[in-house]
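Sequence lines, in order, name chains A and B. Note that the first sequence covers residues 1 to 541 in the working numbering. Note that the second sequence covers residues 1001 to 1108 in the working numbering.
Because the hints were derived from the structure by calculation, they are not lab data. Among these hints, one or two may not hold up.
[To be verified] In silico contact screen, one side only, chain B against chain A (beta carbon under 8 Å); selected entries:
{"#": "1", "residue": "P1043"}
{"#": "2", "residue": "F1052"}
{"#": "3", "residue": "N1080"}
[What the hints assert, rightly or not] Far from chain A, some chain B residues (derived; all Cβ distances over 10 Å):
{"#": "4", "residue": "S1030"}
{"#": "5", "residue": "N1059"}
{"#": "6", "residue": "Q1060"}
[Stated by the list, open to error] Keeping only pairs whose Cα atoms sit at most 25 Å apart, straight-line, the calculated PhoX-like set for lysine-lysine is:
{"#": "7", "chain 1": "A", "residue 1": "K145", "chain 2": "A", "residue 2": "K196"}
{"#": "8", "chain 1": "B", "residue 1": "K1102", "chain 2": "A", "residue 2": "K385"}
{"#": "9", "chain 1": "A", "residue 1": "K385", "chain 2": "A", "residue 2": "K479"}
{"#": "10", "chain 1": "A", "residue 1": "K110", "chain 2": "A", "residue 2": "K145"}
{"#": "11", "chain 1": "B", "residue 1": "K1093", "chain 2": "A", "residue 2": "K401"}
{"#": "12", "chain 1": "B", "residue 1": "K1063", "chain 2": "A", "residue 2": "K376"}
{"#": "13", "chain 1": "B", "residue 1": "K1073", "chain 2": "B", "residue 2": "K1102"}
{"#": "14", "chain 1": "A", "residue 1": "K383", "chain 2": "B", "residue 2": "K1102"}
{"#": "15", "chain 1": "A", "residue 1": "K145", "chain 2": "A", "residue 2": "K198"}
{"#": "16", "chain 1": "A", "residue 1": "K401", "chain 2": "B", "residue 2": "K1102"}
{"#": "17", "chain 1": "A", "residue 1": "K378", "chain 2": "B", "residue 2": "K1102"}
{"#": "18", "chain 1": "B", "residue 1": "K1087", "chain 2": "A", "residue 2": "K385"}
{"#": "19", "chain 1": "B", "residue 1": "K1063", "chain 2": "A", "residue 2": "K362"}
{"#": "20", "chain 1": "B", "residue 1": "K1063", "chain 2": "A", "residue 2": "K378"}
{"#": "21", "chain 1": "A", "residue 1": "K145", "chain 2": "A", "residue 2": "K287"}
{"#": "22", "chain 1": "A", "residue 1": "K378", "chain 2": "A", "residue 2": "K401"}
{"#": "23", "chain 1": "B", "residue 1": "K1004", "chain 2": "B", "residue 2": "K1063"}
{"#": "24", "chain 1": "B", "residue 1": "K1093", "chain 2": "B", "residue 2": "K1063"}
{"#": "25", "chain 1": "A", "residue 1": "K401", "chain 2": "B", "residue 2": "K1063"}
{"#": "26", "chain 1": "B", "residue 1": "K1087", "chain 2": "A", "residue 2": "K383"}
Note that the structure is predicted; figures quoted are calculated from it, not measured. In this text, a Cβ means the ideal position worked out from N, Cα and C, and glycines have one as well.
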Amino acid sequence: MLENMSSNQRLMIAVVLSFVFFIGYTAIFPPEEQALTDQNGSHKVQDVSIIDNIEKGYHDAATASSVPATPEVAPALQSSTKLVHIEAQDFTMDIDTLGRIDSMVLKKDKYNIEEGHHTELVSREGAKTLHLRFADGALDATALKTPYVTSASTLDLMNSEKATVTLTQTLPELTVTKEITVYADGHYDISITLSKEKRYFVYLGQRAKNANEQIMTVHGALIYDGEDLTTVFEDGDVEGRSTFSNVKIMSAFGQYFAGMFYGLDRDINVIVDRDRNSDPVLYFDAKPTIDFHGYIGPKTYETLQSIDPILVHAIEYGFFTFIAAPMFSVLYWLHGIFGNWGWAIIALTLIIRLLMFPLTYKGMVSMQKMKEIAPKIKEIQAKHKGDPQRMNAAVMEAYKKHGANPLGGCLPMLLQIPIFFAIYRVLLNAVELQGASWLVWSDLSRMDPWFVLPILMGATMWYQQHITPNTFTDPMQAKLFKWLPVIFTFFFLTFPAGLVLYWLVNNLFSIAQQYMVNKQFETAKAERQDKSVTEKQHDKD
Amino acid sequence: MIRKALLSLLVIYQKFFSLLSFGSCRFYPSCSEYAKWQFEQNPLIYAFFSTFYRIARCNQFCKGGIDYPILHKLSQQPSNLTLDTIKYWLIPKSHHRFYIIKNFTFKG
């Protein structure tokens, strides 16, 4: 039963196995480790007490402990009014009377999550970006009721690269000045000055929750520090409060979009806190005078690279980032050659298949030898019927004796698992696929509206199984195997078309490969039959 | 403790996952079975490295075939010896080294 197992079947098994593993793994373990780089423990304790004090100013004691650090704005300013309106080619941004980024709408239709509606990147609830909070509770309460005054009510970025606005808040004890320079590519420089030394925090806040996320994508917050270490806090999975120093990037991100701060001083403490849903909330412990940069928009590799090369570290693919990131680089490079993401995906599939070819070829050569000892194997199998352990041992002995082994092996199978995950993550998380058209499909990041690709995928998978020798002895296994294409088709119906395309192409390559193997097999079989016929003739003579 | 946890993980793998990876191993005993015997009989570190080395060899560039685990240190002193309670035969390989070979008639 083992000699019929082809490399193709093993590939399929690897796919399924990786799939099951993937689902099981994400269900059982959160994909990211939550390493806590807490360098100054004493500082942390202090932070906690101060922040808790802030909260007590707004919530009664009971809610303060259960709802940490989610700034609830005083009712008077809850329906915040817009102070500055920024109009650019690709987006419109609004800053409200508390000097926070209140709205960021992407104008490009390809970013639309809902049909006909431009995507809003600022969450309606939760902390907003550039929100300032004072450690002194009374001062903080006053600050929440005092609107900022602006130097300009509109900024026009349609025709210029950048524009600057100065916001001032006059409090009884001190004056807060925020100078914001917004660039047409979505990043901004900001400097905050306090006229008197007071402890305060600047919020990066939370990612937009209205953008619906697909399953198996990474979203939440991340901290990228000077030691090249990325710590990810996934939504719904944040425990307690953690403090980081020497932070290069702090980012609150969804599947495609992110809001981030970068260019912070080394000694600044960045705090990752949790809201009532255990989603991350980010802020940092600021100094009286501080300069830093921010970005809000899609996680487009090219844009981030052009703003500051370090920002590409904010593109996170989850546990397999170390494979996924290089894979994206290859895909990006291929896109540069073909100028189309659809063809780039097909080329990537081809490259991966070529990389595995030496192994596959070895397997195919081995198949040739197999035919010579096939009768012997049959004999052994008949002899040990009903005792699989003993039979396996005997079969293996025969293989080794004749230097033939039709099986692929555990290593190639295990190696394929991370590759498959990485491709999934790349194709699910790459914002570049948004609005990427290929042939008749207008957007490879959306599901196929006509279900053509998933159905073709299922059909090719079925055909691939059909031409691959089936070796299951257990009827249950065989049945399950037969139903796999159907299960996969349904599973892939709502997946991004680009991902389904990858699968489809991969199946086609597998079929081509299997076809070649089968052909070789048949030729050899025919030869052998000829030989036996001539031998019989000789006997007669 | 760790040994038990690892062994139960291996059993889970063999029960469910090898349904899908069925018949892909180039060796007898299969990699998972080999790992099981290793972790049952040998020190954890030794078992880990042997299993790792075995999986690394389990590819199209190696011949495969029969490859039994080797007992690191002889320490078993069974009280009850009948054909059906012997789980593994220990076949001397060289000085203080033994092949671990499954007894086919062992039940349970």
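Going through the hints against the structure:
About 23 Å separates the beta-carbon of P1043 (chain B) from the nearest beta-carbon of chain A, more than 8 Å, and the hint is not met. Restraint check, F1052 (chain B) versus chain A: the minimum CB separation of about 10 Å is more than 8 Å; hint violated. At a threshold of 8 Å, the smallest CB-CB gap from N1080 (chain B) to chain A is about 23 Å, leaving the interface hint violated. For S1030 (chain B), the condition that its CB be more than 10 Å from all CB atoms of chain A is violated, with the nearest at approximately 8 Å.
Not every CB of chain A is more than 10 Å from the CB of N1059 (chain B) (nearest about 4 Å), against its label as outside the interface. With a cut of 10 Å on Cβ distances, Q1060 (chain B) falls inside the contact zone with chain A, its closest approach being about 4 Å. Note on K145 (chain A) and K196 (chain A): the hinted pairing holds, with a Cα-Cα distance of about 19 Å set against a maximum of 25 Å. Using a Cα cut-off of 25 Å, the hinted pair K1102 (chain B) and K385 (chain A) holds, with the two alpha carbons roughly 18 Å apart.
Of the pairs offered as hints, the one joining K385 (chain A) and K479 (chain A) holds, with about 22 Å between alpha carbons and a cut-off of 25 Å not exceeded. Of the pairs offered as hints, the one joining K110 (chain A) and K145 (chain A) is violated, with about 39 Å between alpha carbons and a cut-off of 25 Å exceeded. With a C-alpha separation of about 20 Å, the suggested pairing of K1093 (chain B) with K401 (chain A) holds against the 25 Å cut-off. Taking the CA atoms of K1063 (chain B) and K376 (chain A), the gap is about 18 Å. The hint holds against a cut of 25 Å.
Between K1073 (chain B) and K1102 (chain B) the CA atoms are separated by roughly 17 Å; this keeps the pair inside 25 Å, and the hint holds. Using a Cα cut-off of 25 Å, the hinted pair K383 (chain A) and K1102 (chain B) holds, with the two alpha carbons roughly 19 Å apart. A C-alpha spacing of about 18 Å is found between K145 (chain A) and K198 (chain A), which places the hinted pair at or below 25 Å, so the restraint holds. The straight-line distance between the Cα atoms of K401 (chain A) and K1102 (chain B) is roughly 21 Å, inside the 25 Å bound, and the hint therefore holds.
For the suggested pair K378 (chain A) and K1102 (chain B), the alpha carbons sit about 24 Å apart, so the restraint of at most 25 Å is met. Using a Cα cut-off of 25 Å, the hinted pair K1087 (chain B) and K385 (chain A) holds, with the two alpha carbons roughly 22 Å apart. Between K1063 (chain B) and K362 (chain A), the direct Cα distance comes to roughly 11 Å. Compliance with the 25 Å bound is thereby established for this hinted pair. Straight-line distance between C-alpha atoms of K1063 (chain B) and K378 (chain A) comes to about 21 Å, which keeps the hinted pair within the 25 Å bound.
The straight-line distance between the Cα atoms of K145 (chain A) and K287 (chain A) is roughly 22 Å, inside the 25 Å bound, and the hint therefore holds. The hinted pair formed by K378 (chain A) and K401 (chain A) meets the criterion: a straight-line CA distance of about 15 Å does not exceed 25 Å. Taken as a hint, the K1004 (chain B) and K1063 (chain B) pair is broken in the structure, with Cα atoms around 32 Å apart against an allowance of 25 Å. Restraint check: the Cα-Cα separation between K1093 (chain B) and K1063 (chain B) comes to about 21 Å, which is no more than 25 Å; the hinted pair holds.
With a C-alpha separation of about 10 Å, the suggested pairing of K401 (chain A) with K1063 (chain B) holds against the 25 Å cut-off. Note on K1087 (chain B) and K383 (chain A): the hinted pairing holds, with a Cα-Cα distance of about 23 Å set against a maximum of 25 Å.
When the structure is compared with the earlier hints, violations turn up for hints 1, 2, 3, 4, 5, 6, 10, 23 and for no others.
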